[in-house]
Structure formats: structure tokens, C-alpha cells
Amino acid sequence: MLRPLYSLAYIIARGGRGMAQAPAVQLLAVGTIAVCMLLLGAVVLAWSNAQGVVRAWGLDVPITAYLVDDADPELVEATVRRLRTLPEVADAERVSPEQALRRLSEGLGEDGELLDGLEPSVLPGSIEIHLAPGTDPDFGRALAERLDQQPIVDEVAVAGAWAGRAHDLLQTLGDLALGAGLLVSLACMAIVWSTIRLGVYARRAEIQILRLVGGTRRFVHGPFVFEGMVQGSLGAALAMGILWLGFDAVHPFLERGLSMVFAAGALSFFTPTQVGLGIAFGASLGLLGARAAVAHYAEA
Amino acid sequence: MAIIELTNVTMNYGRGPRRRSALRGVSIGVPEGAFSVLLGPSGAGKSTLLKLVLAMERPEEGTIRVAGRDIHRLRKGSIPYLRRNVGVVFQDFKLLLDATPMENVALALQVLGMPRREVRERAASALCRVELDPRIRRPARCLSGGEQQRVAIARAVAGDPAILLADEPTGNLDPRLTQEIVDVLEGIRRRGTTVLLATHDPLVLDLAPLTQQIHLEHGRVVTLTDPTELSEDDIPEILPASWAGPAEAVA
Ligand SMILES: Nc1ncnc2c1ncn2[C@@H]1O[C@H](COP(=O)(O)OP(=O)(O)O)[C@@H](O)[C@H]1O
Ligand SMILES: [Mg+2]
Chain P
22 MLRPLYSLAY IIARGGRGMA QAPAVQLLAV GTIAVCMLLL GAVVLAWSNA QGVVRAWGLD
82 VPITAYLVDD ADPELVEATV RRLRTLPEVA DAERVSPEQA LRRLSEGLGE DGELLDGLEP
142 SVLPGSIEIH LAPGTDPDFG RALAERLDQQ PIVDEVAVAG AWAGRAHDLL QTLGDLALGA
202 GLLVSLACMA IVWSTIRLGV YARRAEIQIL RLVGGTRRFV HGPFVFEGMV QGSLGAALAM
262 GILWLGFDAV HPFLERGLSM VFAAGALSFF TPTQVGLGIA FGASLGLLGA RAAVAHYAEA
Chain A
554 MAIIELTNVT MNYGRGPRRR SALRGVSIGV PEGAFSVLLG PSGAGKSTLL KLVLAMERPE
614 EGTIRVAGRD IHRLRKGSIP YLRRNVGVVF QDFKLLLDAT PMENVALALQ VLGMPRREVR
674 ERAASALCRV ELDPRIRRPA RCLSGGEQQR VAIARAVAGD PAILLADEPT GNLDPRLTQE
734 IVDVLEGIRR RGTTVLLATH DPLVLDLAPL TQQIHLEHGR VVTLTDPTEL SEDDIPEILP
794 ASWAGPAEAV A
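Chains as they are written, first to last, in my numbering: chain P, 22 to 321; chain A, 554 to 804.
The hints are simulated quantities; they were obtained by calculation from the structure and are not laboratory data.
Be aware that one or more of the hints could be misleading.
[Said to hold, decoys possible] One side of the interface only, derived from the structure: several residues of chain P facing chain A at Cβ under 10 Å:
(1) R105
(2) P108
(3) D169
(4) Q229
(5) G236
(6) T237
[What the hints assert, rightly or not] Far from chain P, by Cβ distances over 10 Å, these chain A residues were calculated:
(7) E558
(8) A677
(9) I689
(10) E770
The beta carbon of each residue, even a glycine, is placed where N, CA and C say it ideally should be.
Using the sequences and the accompanying hints, generate a full structural model.
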């Protein structure tokens, strides 16, 4: 009944012992993985913060139609529905004064407290319109003019060239994050692969014996897979730690120095869940790299 | 019933001009509980036969049944379970030279998913069975050839396998040590394990309490004595003092 547990205990103990036998190799692997993951983490962090800033500034919404105070809700709904039928419109959404207030306070970061006690009704409701990618800017302008003539619409704001640039920047950061993700994944798996290859080579006699006395594939491979997972998660955790230290040192300067762009506290580090996911990502890369290496070298 | 059964087994190594025939149309059956000696000169195909029984090699033709199952039709994932029932002592022992006798034997029990304490207890008992002190702390490389041999046997039988294969276990030992090893193997057979011993040394036939001999030459079986064909005289003291003892007590 407890056999899988005893086997697991063996696998972990053997994996740990194997790592202790070559600490320099382990340090090198964890360090290199950490450097790779640090690069990826920095790009992802920049991307997620840029997204936050763009959202806080409303740069992600090309057209905003502010509604008159006593706009008939049914008429607003009907307008949103009609806008959604247009092929050039990717999305149209009604934003209530309460939502607007919440966003404003989020965008102000620590300064959000300034808004405490403010009635949401001082802010106008609005309809936010996202255009499909590649839509002619003339269409946007024409649509804005048409909306302005509607009785429920008080005023229409069209984000300028700024918004487009912010959008492009986000896109670039996103692509960079994706590219870094792919590259770093491959690099981390390659690092794990090469350390596992060394381990398999050093322990080839033992592997052969384990097979002959009836060790299952899982039992023989397990310690190596464990080793890879430990390397991956330690590397990722180390990268997260360094990144956090770096962020902690840099973000007050960014927020103060570029107070035009960043409100105080508007920049944020990964949430604990995201940190956990990052470490799990490292562990999975280690697992994949180790599994592939041990299957390749131990089954030869 | 034959616990190991080879039918028309043919096995070659290599391809083309480098092709070497190892076994040709071998058919044998080793009865359960036997002490069977596989005798033949070097290169006769003895080791190959043992490797086939362990599913380390595949036959080109023929079938191999262990406990009634055609082992070369097993899924790859089932082979470990076959091997848990077939202990093996190799010519070159295949020990972990940096590990103690205890650790070497423990390896065969750890793969079974046993708790540590049970592993220790059973490894110690296996070492005692081959008359080695389980407390030896020296690594295997510091042991004599005869001691390494015993460690290898202890590892092979620690999990109480149904079958024990021994490849030249008396390889380079003098007649006295050969007798000791044969006695150890006989003790294991008495506990219910079928023993198949491969050797080039005809002396073993005189020392072993054999119940079957298989002569192999150039990959062919030249003589096969079935246990039924063995006369009373061919069975040396299988029932020595230790068996006679209780019987006398009853009488
Ligand atoms: N791994 C191998 N590759 C090629 N030929 C082999 C291999 N193992 C054994 N042989 C050949 O197969 C024949 C039988 O060998 P083997 O089974 O080792 O005989 P034995 O154990 O009786 O000495 C020999 O001719 C040997 O050279
Ligand atoms: Mg041989």
C-alpha cells in the first residue's frame, strides 16, 4: 500500500545524494538557470507594468464617448449593441461612474487615497470602443463625429497618436516577453539536460544494476528527474529573489523621477501567486529537460 | 512443470559479416525446484541463454517461457517485474564498488518499494545466508573475489526470487571455495528457489547436488539429462545431516 511512498522517499533521497556528490555542477546549473530566468522575469515584469500604466492612462481605449448625466440606460445599451455589430469595432463596453472611480483610484496608486469619500456620480459614465486591428484612422474619426451627435453623448475623446505608440510599445514588450520565454525555456532545459547527462554518466553502473534487479523506469529515472526539478525551481526562485531586490531598489526612482508617467505606487512586483507560478515554471522546465536527458542517455 | 522453458531458440549477435551465432535451436526445460547446471566451453552460448531468460536480449527465433509466460511478448514496462522474480549473479558480479555489501544488497530491495527497516533486515539476512557479516563497512572494491561473489549472490536472492541464475559463479575459485559457493547455492535452492548455474568447469558437476545437466556446445544442446533420468547415485547427499536431524528426532 505504502510502496509508492517508500519509492518516492528513495527517489528523493537518491536524487539529493546525487546532487550533493557534485555540488559545483549543481551551483553552476542553478546559477545559469537563475540568470536566464532573471532576464525573462525582467521582461515580463516590464511588460506587466507597462500594461498597468497604459490602462491607468486610458491609452488602451482609442475612443471614449462620455455620456450625459441623465442618459437613458436602454438607449445606452442599444448604442453599445449597435456598435458591436460593426466589423471595425473589436469591442464596445459601458463603463459606469463607479467603475470609472475605481480605475482612477487604481491608476493613482498610493495617491488613490485622495479620492476617498468622493461620490462616483461626479464622474460621467462612458462607452469605451476598441477598434479592430488595422482599422483606418479615418473610420475612428468619422465614428467619433457620429457618436458626438447622439443625444445621450456629451463628449467624445479620441486618443491621439500617443495611444498608438503606447500600443505598439506594449506589443513589442509582449513579443519580447514571448521570445524571451521561448529562448529561456530552451536554455534552461539545455542546462538541465547537460547536468543530467553528467549524472547519468557518473552513475551508469548503478543504473545498469537497478535495471537488472527489477527497478522500474520510474524508479531508475526518478532521482534524475527530481534533480532537474530542484535545479529549475531553485534557479527560478533565485531569479525571483534577485528581481525583487532590483525592483525594490529601482521603483522609487522611477516613480519619483518619472512622476509624469508613473504615479507613486503604480509600479508593482509580481503577486505571490505569480511568483509561485514562476517557480513552478522553472520546475517544469527542469522536469522536461531532465526527463528528456535521462530517457536519451540512460536508455541507450 | 518447467519453470524455465526454451523452445527452438536461435540467437545471433551482429549483422552481415560480423554476425555470430550464439544459440541454435535450443530447447530445454528447467523443472521448478531444480539445481540445474548448464555446462559448456567458453563461447558455447551459456551467458547468452541466461540473458535471454532475463529479457536482456531477444531471441531471433523460438519462445522463452518463465513460469508459463512468454517473456518476449511482455510489455517493456513489465520486464522489471519479471526480473524481480529472477535473481542473477553475473560473471563480473556487477557490484557498486564504492558501496558496502549491505548497500549493494539493499539496492535490490529498494526497487521493491520496501520501508528502510525492512530493507536493512532482509539485506542482513541475505548476507547471513551467504555467510558474510552484514556489519562489514568496507566498500566492495576492498573485498576478496570470493567475498564479492557472495555479495552478488546475496543481492540476487534478497528478494526471494523464484529463480536464481548464476553465470560462472565459481569462475576463478579454487576447488574448496567452489564447493563453498555450490553449497551456498544449494542452501538457496532448498528454500524453494530454482537454481540454474552456468559453468565451463566440469568439476562443478561433481560438487553440485544437481538434478539436471544441460551440455551446450557451439550454441547447441548436446546432452540434456532430465531429473527423471537421473539415477539415485547421481543425486549426491541432497539430504545431509540437517535434514536427517529432525527425522531422527521424530523416530
Ligand atoms: N555482445 C556480444 N556481441 C557479439 N557477440 C557476442 C556477444 N556476446 C556473446 N557473443 C558471442 O556469442 C557466442 C556465445 O557467447 P556467450 O553466450 O558469452 O558464451 P559463454 O557464456 O558460453 O562463454 C560467442 O561466440 C561470443 O563470441
Ligand atoms: Mg559466459
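Do the hints match the structure? See the list:
no., hint, in the structure
1, R105, "violated, 55 Å"
2, P108, "violated, 55 Å"
3, D169, "violated, 71 Å"
4, Q229, "holds, 7 Å"
5, G236, "holds, 4 Å"
6, T237, "holds, 5 Å"
7, E558, "holds, 21 Å"
8, A677, "holds, 17 Å"
9, I689, "holds, 19 Å"
10, E770, "holds, 27 Å"
Hint check: violations occur at hints 1, 2, 3; the rest are consistent with the structure.
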